[in-house]
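K.L.:
Work the whole structure out from these sequences, hints included.
In order, the protein sequences belong to chains A and B.
Under our numbering, think of the first position of the first sequence as 66, with each following residue one higher.
Under our numbering, think of the first position of the second sequence as 1272, with each following residue one higher.
These aren't lab readings, by the way, just hints derived from the structure by calculation.
One or more hints might be untrue.
Not everything, but these chain A residues come out facing chain B in the computed CB check (under 10 Å) [unchecked claim]: (1) L81; (2) G84; (3) Q86; (4) V97; (5) E98; (6) D139; (7) A143; (8) T144; (9) D154; (10) E155; (11) N156; (12) A158; (13) R163; (14) A167; (15) I170.
These numbers come from a predicted model, not from an experiment.
Yeah, the Cβ is synthetic: ideal placement off N, Cα and C, and Gly gets one too.
Residue strings, one per chain:
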Amino acid sequence: MRLRCNACNGEYEDVLPDGMQYFHACPPLSVVELKDAIAAKRLRLPAVYQGLLDAAQTFDRNNPPAADQIPRVDQVLATFIVKRPRARDENIAPPPDRDTAAQPIAGGAGVTVVRAERLPPLPELTDGV
Amino acid sequence: MPSQTGFLGLSDEQRARIAALVPAPSCYLRVDDNIRVTSYNALASVILSVRYRLLDLDGNIVAGVEAQTPNTDRSAKSAIFPTPEGWLLGLEIFASSAAPLVSQTYVVVEVVRGLASSAIALQSLGSGTLTAKQPFSWPFGPFAGSLEGGGALRSISGTTPAAGAEISETVPTGARWELLSFSTLLTTAIAAANRLPMLLLDDGVNVYFRDPLVTAETASLATTNVWAAGIAPRAGLNSNVQEGMLPVGLKLGSGHRLRTSTSGIQGADQYSAVQYLVREWIEGA
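P.N.:
Here you go:
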């Protein structure tokens, strides 16, 4: 079935066409989301991270990036891994022993069913069409 | 102290007759010795069939048929099969349901003393991957690690992120991947900006690889962005396709991530058609 994660709004199939389970995990905050959170003071960076960001901002001010260059600030923020609120991670936590059932790492904000049925097969061209 | 009621409890004539039938190699199983199969599996609907031949104390060669349904999340599942006392002559395990590829189902076979979860492992008979047509077998079978061999090729459809959001794919628990290619379509909205996509690989905490694409993607375009191992990116190949590079032979462990970071991404931009090709091995969980 097709599911939508309520935390990140990503959509995915729970079982892929090759028969394997798909384990969705929410992405960390993107560069845009980090910038918004820092500007709104909803995110306080550790001192080391803040130092890196300050240095990147200073670099970009003194060396404005060209149109086809990624600003130093974006490059630095891309390396900051910050979990989003109520992130979902369907990957299993390794069980303590072989006889204990594995549990997902985090249910997070849950999911919404977009389509309950399995992925439909590919259409085929028929005679007379 | 060997049991006097078992093999040693037989008459000299009985012992001599049975001993003449016992080939090498074989494995003598006491009455409280059993076979334990621990499986690690990634494919849905797999059922393992466990079959063996055993020479019992009456001199009969008996056949045993057992089944185990492994987990589908690469975590360990074990089952202990009671066996009669005698010499284990041979054993094989294969997938009797579903069709796992090589490296999708892996077993460890042991002789244990006892039947409960507290059973003591006394001897490893072997370990290796199996399919429906390529069984694991003992004797003469392998002691193979789960990371050996060519791995299972998988083409994976990833999560379609929300508008304005980035792609993020995580290596599942118990898996090891070699990333061969990564493709996605970026449809840019009408808002004017230069979008500069970059593919990042991280270990869950630290980024250890990044590859930005060469050409900025402007408004109202639909560009297929592809990263592949072993290619040299060609700028300006086609206005609708961009190529990036991946290291050859790079392995990603459980919890590692492949994700995009797009400088200049706008709120109505949309990544879609996330598709990537990996070789996968079971690392076990």
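K.L.:
For each hint, tell me whether it holds in the structure or not.
P.N.:
Do the hints match the structure? See the list:
1. L81: 6 Å, holds
2. G84: 5 Å, holds
3. Q86: 6 Å, holds
4. V97: Check passed: Cβ of V97 of chain A comes within 6 Å of chain B, closer than 10 Å.
5. E98: 8 Å, holds
6. D139: Where the cut-off is 10 Å and the nearest Cβ of chain B is about 4 Å from D139 of chain A, the hint holds.
7. A143: Holds. Min distance 4 Å.
8. T144: Result: holds, 5 Å to nearest chain B Cβ.
9. D154: Result: holds, 8 Å to nearest chain B Cβ.
10. E155: Nearest chain B Cβ about 9 Å off; hint holds.
11. N156: 5 Å, holds
12. A158: 7 Å, holds
13. R163: This hint holds: R163 of chain A lies near chain B, its Cβ roughly 4 Å from the closest one there, short of 10 Å.
14. A167: 4 Å, holds
15. I170: 8 Å, holds
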